[in-house]
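Colleague: Full structure from sequences and hints, please.
Chain order of the listed sequences is H and X. Numbering follows our numbering, in which position 67 of the first sequence is assigned residue number 67; successive positions increment by one, without gaps. Numbering follows our numbering, in which position 209 of the second sequence is assigned residue number 209; successive positions increment by one, without gaps.
Among the clues, some could well be false.
Among chain X residues calculated to face chain H with C-beta under 8 Å, some are [said to hold, decoys possible]:
| id | residue |
| --- | --- |
| 1 | Ile-220 |
| 2 | Ser-224 |
| 3 | Leu-243 |
| 4 | Leu-269 |
| 5 | Leu-273 |
FYI, nobody ran anything at the bench for these hints, they're computed from the structure. Every residue, glycine too, gets a C-beta built ideally from N, C-alpha and C.
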Amino acid sequence: MIEFLFRRIVIAIPTILLISIFVFGMQKILPGDPVLAMAGEERDPATLAFLREKYHLNDPVPQQYLYWIEGAVHGDLGISLRTREPVLTLIGQKLPVTIQLAAMALIVAFFIGVPAGVLSAYRKGTWIDWLSNVVALSGLSIPNFWLGIMLILLVSVRLGWLPASGYVSPWVDPVKSLETMLMPALVLGSGLAAALMRHTRSAMLGVLKSDYVRTARAKGLSERTVLVKHALRNALVPVVTVTTLIFGDLLGGAVLTEQIFTIPGFGKLVVDAVFTRDYAVVQGIVLCTGIAFIAMNLLADALYRILNPRMRMS
Amino acid sequence: MSVAAEPVLPQRRSRVLGRIAANPAALVGGGMVAFFVVIAILAPILPIADPIKTSWTAVRKAPSAVHWLGTDEIGRDLLSRMIWGAQASLLAGVVSVAIAVLLGVPLGVAAGSLRGWTDAAISRLTEALLAAPFLILAIALAAFLGPSLSNAMIAIGLSAMPVFIRLARAQTMTVMTEDYVESARAIGVGPLALVWRYILPNIFPPILVQSTLTIATAIIAEASLSFLGLGQQPPAPSWGSMLNVAKNFLDQAPWMALWPGIAIFLVVLGFNLLGDGLRDALDPRDG
Numbered sequence: 001m002i003e004f005l006f007r008r009i010v011i012a013i014p015t016i017l018l019i020s021i022f023v024f025g026m027q028k029i030l031p032g033d034p035v036l037a038m039a040g041e042e043r044d045p046a047t048l049a050f051l052r053e054k055y056h057l058n059d060p061v062p063q064q065y066l067y068w069i070e071g072a073v074h075g076d077l078g079i080s081l082r083t084r085e086p087v088l089t090l091i092g093q094k095l096p097v098t099i100q101l102a103a104m105a106l107i108v109a110f111f112i113g114v115p116a117g118v119l120s121a122y123r124k125g126t127w128i129d130w131l132s133n134v135v136a137l138s139g140l141s142i143p144n145f146w147l148g149i150m151l152i153l154l155v156s157v158r159l160g161w162l163p164a165s166g167y168v169s170p171w172v173d174p175v176k177s178l179e180t181m182l183m184p185a186l187v188l189g190s191g192l193a194a195a196l197m198r199h200t201r202s203a204m205l206g207v208l209k210s211d212y213v214r215t216a217r218a219k220g221l222s223e224r225t226v227l228v229k230h231a232l233r234n235a236l237v238p239v240v241t242v243t244t245l246i247f248g249d250l251l252g253g254a255v256l257t258e259q260i261f262t263i264p265g266f267g268k269l270v271v272d273a274v275f276t277r278d279y280a281v282v283q284g285i286v287l288c289t290g291i292a293f294i295a296m297n298l299l300a301d302a303l304y305r306i307l308n309p310r311m312r313m314s
Numbered sequence: 001m002s003v004a005a006e007p008v009l010p011q012r013r014s015r016v017l018g019r020i021a022a023n024p025a026a027l028v029g030g031g032m033v034a035f036f037v038v039i040a041i042l043a044p045i046l047p048i049a050d051p052i053k054t055s056w057t058a059v060r061k062a063p064s065a066v067h068w069l070g071t072d073e074i075g076r077d078l079l080s081r082m083i084w085g086a087q088a089s090l091l092a093g094v095v096s097v098a099i100a101v102l103l104g105v106p107l108g109v110a111a112g113s114l115r116g117w118t119d120a121a122i123s124r125l126t127e128a129l130l131a132a133p134f135l136i137l138a139i140a141l142a143a144f145l146g147p148s149l150s151n152a153m154i155a156i157g158l159s160a161m162p163v164f165i166r167l168a169r170a171q172t173m174t175v176m177t178e179d180y181v182e183s184a185r186a187i188g189v190g191p192l193a194l195v196w197r198y199i200l201p202n203i204f205p206p207i208l209v210q211s212t213l214t215i216a217t218a219i220i221a222e223a224s225l226s227f228l229g230l231g232q233q234p235p236a237p238s239w240g241s242m243l244n245v246a247k248n249f250l251d252q253a254p255w256m257a258l259w260p261g262i263a264i265f266l267v268v269l270g271f272n273l274l275g276d277g278l279r280d281a282l283d284p285r286d287g
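Modeller: This is the structure in structure tokens:
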């Protein structure tokens, strides 16, 4: 297992380097002089020359990249033009909010998607299967930001049950925190629930045809035991790995969800950075999500090996 | 010179069409897509109001006989804006997928047929691009390129490209091991002719399925970017930007938020149903 992980990490290094070149390159395609943006109202030639020297902008581009990547390796992703705070600090401040949202959305997705997928596979070809498929396909086709707007209209504006926006940390007031995050988690989780339902259904269909399920039934075990203990446990192996892989969709979806519900998380940070042309923050975010995504891929592979004994044997 | 792939194709095509015709979901999906395509094309000649003409006497009017879908915050007719918005959405879906296919498929075919260092380089590039979440990459690119519909299409196209590289590479590698490719090479068919006559026709079906499904994703992505203000710029209509404005008037004019969302949902559902149907028809093993 350790050898496997080591090999995968070695393979990931060139990919991370490519991402970093890509992220660095994004800044270079920008029109205009970055120093003018940094200096703000200041147009004194001496200041501009100082800034150019300080940020190595007079050096050749490959050398500039080396300076940049050296900083990045040491946790220096630059300074936000807007707040003057280090980019990594900003990301560190906003990430916990998004992690809370993503975790709640995953719980929603798991509790809707997995049972629906199991039921749909178990009742294949019946109206339950048909209905689950229609609902799942609809879930995949609804833009989640629209679902958010509609929920705000119904639940907050019309019924007044839940707050339409805002964020309260669970450490400050757990109940209020749950209230503010419930709708965003539902919105973000619904699309993922649809994807999970389809994966669970397809995995369950494969497992239900297998010999060990037939044997379990022949032993006279109850359908419930066969379904939950024998079939679902095995069908969940690919589902768990898929869950780690939908991390990217989760982050992308969080951008819009946070925008609609005004949640001060990672996604809102990206959008605010984009509109204030705070490119260091945009770069930092793309780099961090890229690395996190690679880590999640690694985790998916490792989980697959841990959960699936046949993979460990080979 | 008789190679297996070509004579089989016409027969296979009719079988595939038969399977699509027998699949109600695919037919419904195809019908929904066709409806939106027709109204988008006919937008200039339909007897509808000017989509950008404002009217201060008709601000935020509810749906009525005069304005079937109501009006927006500056009195523009929503039916007209919805129909013109269909153009932006469909165009964004098709153009961005065309960008992804035209860049991704040649790279994937090159990687899958040449192998060696070409494959290694293209594969690493694909992994790097796949590592950035689709929407975050599209947002970052749109931000750096500047907000406009064409830049949004480029951003979405580039973000969707790695999926096509991967698919074309895998399919090419499978086709390369087929006997008819071996025989074609044995009789001296050159690499370009091999790609054009044997590889591309055989990898086309999965690319078509993926394209249909990616158009659905691209339409949502365009709406998302326009919703954030990074796509179609006002006053030109787009469903995403209409939703962006509508969210500020939820209490006074909820219909403003209703129609664009329903339209995005229906057109995306149409492409998803069509894509699923095409996949079942082209690859019955998955059905």
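Colleague: If a hint holds in the structure, say so; if it does not, say that too.
Modeller: Hints versus structure:
With a cut of 8 Å, the hint placing Ile-220 of chain X at the interface with chain H holds, because the nearest CB-to-CB distance is about 5 Å. At about 6 Å, the closest approach between the beta carbon of Ser-224 of chain X and any beta carbon in chain H falls short of 8 Å, and the interface hint on this residue holds. Interface hint at Leu-243 of chain X: satisfied, since its Cβ lies 6 Å from the closest Cβ of chain H, which is below the 8 Å cut-off. Checking Leu-269 of chain X against chain H by beta carbon gives a least distance of about 4 Å; that is within 8 Å, so the hint holds.
Hint status for Leu-273 of chain X: holds, given a least beta-carbon distance of 7 Å to chain H, under 8 Å.
Every hint, counting from the list given before, is met by this structure.
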